[in-house]
Amino acid sequence: MTVTLEQFQNFLRSLKTSETLTKELRPLVTVATGLEQALISALKNGRDVIIAGSAGGGKTHLIASLSDTELSNLPPLLAWPNEHEPTDEPFIRVITDATALSREDRRRMMQDRPGNCQAVVVAINEGPLLHLKHDLPQSVFAEAVRFLHAAQRGIELPFNPSAPTVLDVGGYDPIGNGVMTRLLELPILSELVQSQPCQCEDPRICPRKLAWGLLQSEEIRQRVNEILRVVSIHGQAVLFRELWDFVADLALGGSCQADPPTSPWFWRVFHGSSALSHRLQSIVDPSLVVYPRAEAHLWYQDWNSLEIELQDGASFISLSPTVLSSGHPSSWPWLKSQMFFLVRSSSIEQILRDQVDLQLTRALREERTEDIVAAINSYMAYGTIPPSRQMLFLWTDMGVERHGVRPDGQVLLGTVPTSRLKLRRSLAVANHPDKACKLYGARYYLVYEESQFEDGVSFELTPEALNLLRGGRSYRTSNRPHTDLEWHLSRFFSALAANVSRPEQLDVMSLNFDNMVGAVRSYGLSPELGQVEIRGGY
Amino acid sequence: MAVSQVRQLLWPQNPFVFGKYPERPAPSHVMNGFISSSLGISNHSNSIRQLVVPNAPVPVGIPVLNRADWAQDEGKLRMFRKDLSLIFNPDSRVWEKFGSLVPVHNCLANLDASDDGLGQRLCEMVRLYTPPEYEQKLSQMFLPDNPHDPVTACAMILVDGARPSPRRSSQLADSSWCGSGGTQAGQLLAKHLTMFLVNLTEPYPDARRLLQIQHLERGLYFATFLALLLGPLAGQKKDVTTTVDQIGALVIWSDTPPGPASHPLVSASGRAFQLLLDQNRAALIQTLAEALGKQLLPSSLPQNQRRLSALQSQMSIMRTTGTEESTVTAIEHLCQDAQVSKEGDNPGDVNWCSQVIDNAYPAAALTRGFKRRLYNNLCKWQNPLTREFRRRTPCRFDVN
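Protein chains in written order, with this note's numbering: chain A, 1 to 538; chain B, 539 to 938.
No lab work stands behind these hints, which were simulated from the structure alone.
In silico contact screen, one side only, chain A against chain B (beta carbon under 7 Å); selected entries:
#1 G409
#2 S494
#3 P527
#4 G530
For glycine and all other residues, C-beta sits at the position ideal for the given N, C-alpha and C.
Build the full structure now, drawing on both the sequences and the hints.
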C-alpha cells in the first residue's frame, strides 16, 4: 500500500478534521462544491470573504483545498497571525479558524491590516460571528451577518462592494449539489477498496470489490446521492463530516465472510454503522420496495432474466445458492438493497413510491406555495376544517399554561393571500455580483416580503416542520416537536398579523377533541360604536 | 394550618411566600394582580368576568349586550359567551365570582385572592427599581388607543364604559430582601427580575401586542417563581454577589417533563431542585429567627414574655388593617396550630421558627407548589421560550 493510501485510510478512520489531511492527500480527496469558484472569484476582485458555518461544516477545508492552479493568479495566502506579512508585496490574509482566536484578535483581524493586504478571508462559526456583530454594530461583521441572514432566507440583497462576500458553508446543501456523486467517483477511493486485504479466495469474487465496480456508473452514484436526500428532508441538514463518515463505512465497513456478506456498499447504505445509514434505515426499508416484474426471478435465482430490468451496463451480483437455500433472513433484504440502486427507473421517488411521503418536499422544489399553505391551515385546524389553498389563516390562542390537552378554541388574527407569500430557498453565496457563482443552500422559507418590517417575515420550513405538518397536529401537549413548531408558527403568525390584521372581523374556532370536530363562528365588530354583530359560521 | 399568620410574620423580610395553597396562583392570576396593582381596577371587571363564564347568570349593565338585538336570543347569547371564554379564558382560570381573564385590556384585569398577592408584590418590587416612565409604557401596552386586531377590538367593546379606579397603594418593607434595606444579593436579584420584566413590556401598536402580552404573562410568572425560590436565599446571602447564579444554581432538565428517570441529567436536575428547596426552607427559618431575635425589647420585660413581644412587634411591621388585639389573636392561632409556645425568653430560637415554618409549609406541599410553577410556566413552550427570554434579556438566568 502506498503512503498516500495509508494516509487516506487513516483519514477515513479519524475524526476527519481538515487538519488531519496531509498536503499530498488533500487534492486527492477534494471534490468541487461550487463554493471554491465563488471564493476565488471574490479574492481575484480584491474583496474580503467571510466563510460562515458550524464545526465540521468544511470551512477550513474550503480554504485549504484551493488548488495550485486556482491560487496561481492570486497573491500569496498568509495565515494570520502566525505567518509574516510582507510590507511591500501584495498578499491575502487568511484566518482559517477565527473561532479559536481570542475575542480581541477577532475584533481586529479585519481592521488592522496594511495597505498591501489585498483581501482577508475569515472562516468563522456563526455564533462568534454574531457576537462580533453585537460588539461592533457598525462593522463589516454586522454587514456580513445582514447578508448571511438574508441569504439564509433566500433573499438576495443588492450587492455592496464594501461589504465582504459571505459563503454560508453551514447552509450549503452538499446533497442537493451532488457532492456524494463526486465523492464516490474519487479514484483514490476505488484504489483503496481494491487494495483492501481480504480473505476472499480471489479479488474477482470479492463482494466488496465487485460491488464497488458498480459505482463506476454515474447513474448508480447519483442514486446513492439521491437516497441521501431523503435523509436530509427528514431531519437536520447533512454535514460534510457526516458524508465522509458515510463514505468511510461504505468503503471499509462490514465483512466479506458474513452470510450474506456485509461488505458491499449497497448493503451498508441501509445497514452500515454510520449516522447517515442509521437515519436512512429509520426512514426507508429497501425490503419493502416492490419490483413487480423482477421479484419472482430474483426469488428463483433466475439472475439472467430479461425481466430484471437493470440500468445500462449494470450487472447483478448474485448470492451463492448455499446462502440462499439456507433461508437466512438477511438474504432477501440483501438482494433488494442491491436492486434498489440497479433497477432502471426515472427517479428515486418512483422506486420509493408510498414509503416516503415526498408531497410537501416536491411542493417546495416546485414552488407550490398553495400546497404548503394548505398544509399549515390543515395543521392549525387539527384537520377539522377543509383547508384553504388561497389564504393562510392566522389561528392563535391566548393560553400560556401547559395542560395535558391544547386549548379547545382559537381566534383568527387575519388571513394572508397565498399570492403574497413566496417560497424561498436559501443561498450559500451572498453579496457576490457574479450570477454564475449563485449556489442554493438547503433551507426553505415561506416569506412575506411586503412586510412593514425591514427583515421581512419568514417561517423556516425545516424537514422536521414539514414532517409534523404532514403528520397533523396533536391535541395532546406531550409531543415536544409539535410544541416547538407551534411556537415558531405563533411568532410567524404574530408578525404577519401585524401587517394584515383587521379589527372588524372576529372568527372563533371551537374544537371538540372527543369527536375531532371544529366549528368557526364569525362576528362583525364595530369598536367605535361598541357593537358586535353575529355573522354566522362555517 | 395558620399559613396566613405565618406569612404575616415572614412578610417584612420575605414579601414572596406561598399562601395556603401553593399550587393555586396561575400565570393569569399573577398577571391580573400585577396589572391591576399597577394600573388600577375597572368598575366593570366583575360583570365582564361573569359574562365570560357561560353558565353564570347574565350580568346586567354590559353596554354591548344592551345594544345587540341578538342578545335577547338565549342560544345566540350562550354561543357568544362561550366564544368569549375561548378567547379570554383559554387556561380556564375564571369562575363566576373570582378568577382571572387574559387582560388584553387593563379594564379586564381583576384583583382577588387567586394570586395570593404575588402579582401585587411583584408590582411593588418593579416600582422600586424602574424609572417612572415604566408605568407609562405599561399603560400604553394595556390601554390601547385604537384596536388593530380583532381580539383587542373585542376587548375594547367589552370594556366600553368601564373606568379603572386608582390602584391600591402599598409598599414593600425596607427590611425585605428586595427593599432599600435588603442585602446586596437581594437587590441584585430584584434588579435583574425587574430588568427582565421591563424588557418584556413592549407596547406594540399592532397585532404583535397579543403575543407580547403572553410573553409578559409568562415572564411575570417566571419572575414570581424566582422571587419565591431565590428571594429568601438572597436575603440570607451576606457576601458580595455579582451574578444571580451565585444566589442559587439549578440544573434544569429542559426537555418534556418529567424526562426519563434513568437519564443522569434528570436525576441531577431533580437533586439540584430539591437541594435548592431545602436551602430555601432553611433560609426562611433563619431569616425569621434573625428578625425575631433583632426586635428591640424593653429590658424590663419579663423573660418569658420576650418572644410574644418580639412576635407582636414583627407582625405589626406590615399590618395595614386590624388592631393590636387582632395581632394577639393571630399569634395565638399560629402558636396553637404549630403546637409551640408563644412564651419564651429567646425570640430568635431557630427550633421554634423551624417548627412554625414546617407546620405552615409541609415539605411535600412546598415542593409541589414550586414544581407546579416550573411546570406551568416553562413547559408549554419550554425551549423556544427560554431562547426568547435570553434573546430579550441581558441579565443572566441560565435556565437551560
